[in-house]
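**Student:** This is what each chain is made of:
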Amino acid sequence: MKGAFFVYIFWVLFYLSLVYLIIKTGKITLYRKILFISITLFFLAGFKIFINPAKYYSGPACPLAISSTSLATIRNLIFNFPLWPYFVYAFLWLAFVLLIGRIWCSWICWFGGIDECFASISKKKLTLPQKLIDLISELPSAVLLFSLLATLSTGTAVFCLWICPLKMSVSFLPGEYIIKLLQIISFISIGIVFLIILPLLTGKRTFCRFICPLRAVLRWSSFVHPSRININLDKCTKCDLCIKACSSSAIDKEYSISPYCNFCLECLEVCKEKAIETKPHCKILISFAMLLSFLVSLLIITEIIKCIKNC
Amino acid sequence: MYQELLKGFFLGLANNIYCFGVCAPVLLPYLLSAENKPAPQLLKYLTGRFIAYIIFAVSSGAAGMYFEGRINPRFFSVLMIILALWLIAYSSGKALKPLESCAWLGKYFPGKNLPLYAGLVMGLNICPPFLIGLNQTLGMNSILLPVIFFTGFYFGSSLWLIIFLFTGRLTQHKQIRTIGQLTAFLTGLWYLGESLLKLIASG
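Chains L and A, in that order, are what the protein sequence lines are.
Its first residue numbered 1, the first sequence is counted upward by one per residue in this note's numbering.
Its first residue numbered 1001, the second sequence is counted upward by one per residue in this note's numbering.
Rather than coming from a laboratory, the hints here were simulated on the basis of the structure.
Please note that the accuracy of each hint is not assured.
Taking CB as the label site, the calculated pair distances span [claimed, not checked]:
hint : chain 1 : residue 1 : chain 2 : residue 2 : range
1    : L       : 127       : A       : 1166      : 35 to 43 Å
2    : L       : 121       : A       : 1085      : 33 to 41 Å
3    : L       : 234       : A       : 1040      : 44 to 52 Å
4    : A       : 1112      : L       : 184       : 33 to 41 Å
5    : L       : 130       : A       : 1166      : 32 to 40 Å
6    : A       : 1047      : L       : 179       : 54 to 62 Å
7    : L       : 302       : A       : 1075      : 55 to 63 Å
8    : A       : 1040      : L       : 44        : 46 to 54 Å
9    : L       : 14        : A       : 1200      : 51 to 59 Å
10   : A       : 1200      : L       : 44        : 34 to 42 Å
Residues of chain L placed beyond 10 Å of chain A at every Cβ, according to the derived structure [to be verified]:
hint : residue
11   : 98
12   : 125
13   : 233
14   : 271
15   : 298
Listed below are the simulated BS3-like cross-link pairs for lysine-lysine, each with C-alpha atoms no more than 27 Å apart in a straight line [unchecked claim]:
hint : chain 1 : residue 1 : chain 2 : residue 2
16   : L       : 279       : L       : 244
17   : L       : 272       : L       : 27
18   : L       : 125       : L       : 274
19   : L       : 253       : A       : 1174
20   : L       : 180       : A       : 1198
21   : L       : 244       : L       : 123
22   : A       : 1174      : L       : 131
23   : A       : 1174      : A       : 1112
24   : L       : 235       : L       : 180
C-beta atoms are modelled at their ideal positions from N, C-alpha and C, and glycine is treated no differently.
Use the sequences and the hints to build the structure in full.
**Tutor:** See the structure below:
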């Protein structure tokens, strides 16, 4: 298909331009956001407009689903062998995300892209009280634990059915209209509040920081993951620029970066003293992140083109 | 007599994981959020559960029919609502301790007897394995035999809950306790919503 060829060429040129601009200008944040939000828009357009998951796509598209869907299915249908490919796909996604670590959050994740989009729009920013941040700091881990326990208890994919603001799962619970209505109210209100309103008001990625259960998985796996980011206190002049720039309120007043950091690297860019250090070196990290996001974007574009061809 | 005990035990053992799944959302967050050792709290929970099972056993033996047929289902929903509100208040009291205005939550809704009440309510919650058990005790024409049967069922279904004894080490970390508190809050909200829906649905 000629059209598909031009789409791929356009995307490759667009991507290479961004790579060039990052290398030339050193402005990671701006061009990362452009790439990140573009992937998100592609994904949303593809998944919500072109692809009918019920007809065309049988596996979870979202690693967050692993916290609910597969566990529920294991519980209910553990001996149903035809479903094993479904699990393999779902676990491959999770393995992929665990392998790349927190790079997922700021370079690929479509939830993060929406959050980033609205957080970037806001000019006047409200500051979240530090006491509130401290109070709900571990909320993503609580959401993850709650989702797992509720799924184990009910045998239904609780996160997908009640919390997921993108409604990645197309299914609703069978039964009365009131249940469906409550589901809709639940995920729309969570989406509107944490993906749109709070990011607009605060300029922070509030869904990523305070709700996302996958963030909790990455937070705990960061202890063993080789990628690291920290502040060299010998170089730090405590100007607080990194704290203000941090999109996920992950830097505290003691200038330590919490495991909830999403590797957006905005702190790295604003630090005049070059006190923010990453392992591996930030150039390797950025190259790796861009390559991965490019590969995932190709996958999404291919799925959309296949679907348009079949339709 | 020992045959009834063994039957109950193996039925409980076969449905062990189900009971674990039902109890975990209430028990695990509570144990993670508490600063004291898990063993006494778990024991209180298991005691509450045992009391509930004996209540069922005596009632099914005495009445000779399903317990649920005799009691309005709204009763269980109300019990669950109380448990949910207690969980919410307890977790809020713990989490909001630094805020002086919320200190009363910790004072009036202590967690001391929460596991006992939670065990009682979760034990009274009729689940499919329990229904199978009740079905078995139908027509036993005795009060003692169902009690023996459900004692065996209780021990069989409680084996997996022993895992929670190992949460003690985790609670030494403040982050884990905070996660437990927040999860208990979310669980409370979940059960509150679920029970209110059941209450409304039952008319």
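**Student:** Return the numbers of the hints above that this structure violates; sort them in rising order.
**Tutor:** 6, 24
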